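Let the hints inform the model, and build the full structure from the sequences given.
Residue-level listing of the chains:
Protein chains: 2
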Amino acid sequence: MIQVKIEGVVLDLKSNLPIIMLKDDRQRLLPISVGIFEAQAIAFALEKVHIPRPLTHDLISSIIEVLGSSLLRVEITELKGNTYFAWLVLKTMEGEETKIDSRPSDAIAIALRLKASIYANESLLIKKEIRSRPIDDNEIEQFKDMLNKLTPNMLWKYLKEKI
Amino acid sequence: MIQVKIEGVVLDLKSNLPIIMLKDDRQRLLPISVGIFEAQAIAFALEKVHIPRPLTHDLISSIIEVLGSSLLRVEITELKGNTYFAWLVLKTMEGEETKIDSRPSDAIAIALRLKASIYANESLLIKKEIRSRPIDDNEIEQFKDMLNKLTPNMLWKYLKEKI
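Chains A and B are the protein sequences, given in the same order.
Numbering follows the working numbering, with no gaps: position 49 of the first sequence is 321.
Numbering follows the working numbering, with no gaps: position 163 of the second sequence is 435.
The hints are simulated quantities; they were obtained by calculation from the structure and are not laboratory data.
A portion of the hints provided could be inaccurate.
For chains that are exact copies, the list does not tell them apart, and a pair is met inside one copy or across any two.
[What the hints assert, rightly or not] Derived BS3-like pairs (lysine-lysine); straight-line CA-CA distance at most 27 Å:
1. 320 / 399
2. 387 / 371
3. 277 / 416
4. 352 / 320
5. 387 / 363
6. 416 / 371
7. 416 / 352
8. 320 / 363
Computed from a predicted structure; not experimentally measured.
Shown next, in the form of structure tokens:
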């Protein structure tokens, strides 16, 4: 397993889906396509956006802490078809390690909140960038800005304006 | 606190937002407006839809169980402005009760999965139905059907077709 860090959240302009871009220290990439709400949960944590009420992944972090557990690390283990698999590796109150099956998007959103490291199976990392064309900084900023401002309840309104 | 049950998930035709309709045994209602993804998480549990990968609220249920805890009940406590507040009441491994601040939508989605009861402060229950016009069964069925089929990744595609 190789430690990876979050390079950013970018928008796949073909599918209109957000992609979480993970990168190791040798510049190898692991791009994971996620839903808009998981992307929002990750972007909020990256940008340290303060929300008055706990969002779902804030609630998960509270539950882990209140129950005397801690998140040791996230492991992204394999790709089956188009689906990535991951583990949340928790330390129980008795000090034992326990693994819980998770989608990588949820696992990453929780890891950011609890400041845990993310590891990926080396076979999943790719050397080349997969972009079909360069994405300019402006597009990324616009997308980040949109994610920052978007609440679930605003989604309908936003989409009506954009589509 | 009065026990309430989920009457259903309906669509507010004015705001286009889903509403979770809670009801006590005296037919008093508590309608809570939620985001589309929280509504999906609740509808999936109500309809016992099987998803191959754990959705976010399935993950929360796993975490609670794996850490030796259980969900005793959900308490919807108050309304401030337009925002409802709730507690997840968990039993720790030592048998103590602990409360975690949650949005009602998350709390209800978890309660359904862990078969816990939902209670609401009596002052929140209203005697009259708040619908401005009757919603016919067909509309409800169509909406349920849409929620059942919708995955986060399909949202963009769906909305493009509908809006």
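Consistency of the hints with the structure:
no.: 1; hint: 320 / 399; verdict: neither (30 Å within a copy, 42 Å between copies)
no.: 2; hint: 387 / 371; verdict: both (17 Å within a copy, 23 Å between copies)
no.: 3; hint: 277 / 416; verdict: within (18 Å within a copy, 39 Å between copies)
no.: 4; hint: 352 / 320; verdict: between (32 Å within a copy, 25 Å between copies)
no.: 5; hint: 387 / 363; verdict: both (14 Å within a copy, 26 Å between copies)
no.: 6; hint: 416 / 371; verdict: neither (32 Å within a copy, 34 Å between copies)
no.: 7; hint: 416 / 352; verdict: neither (29 Å within a copy, 30 Å between copies)
no.: 8; hint: 320 / 363; verdict: within (25 Å within a copy, 31 Å between copies)
Comparing the model with each earlier hint shows violations of hints 1, 6 and 7; every other hint is respected.
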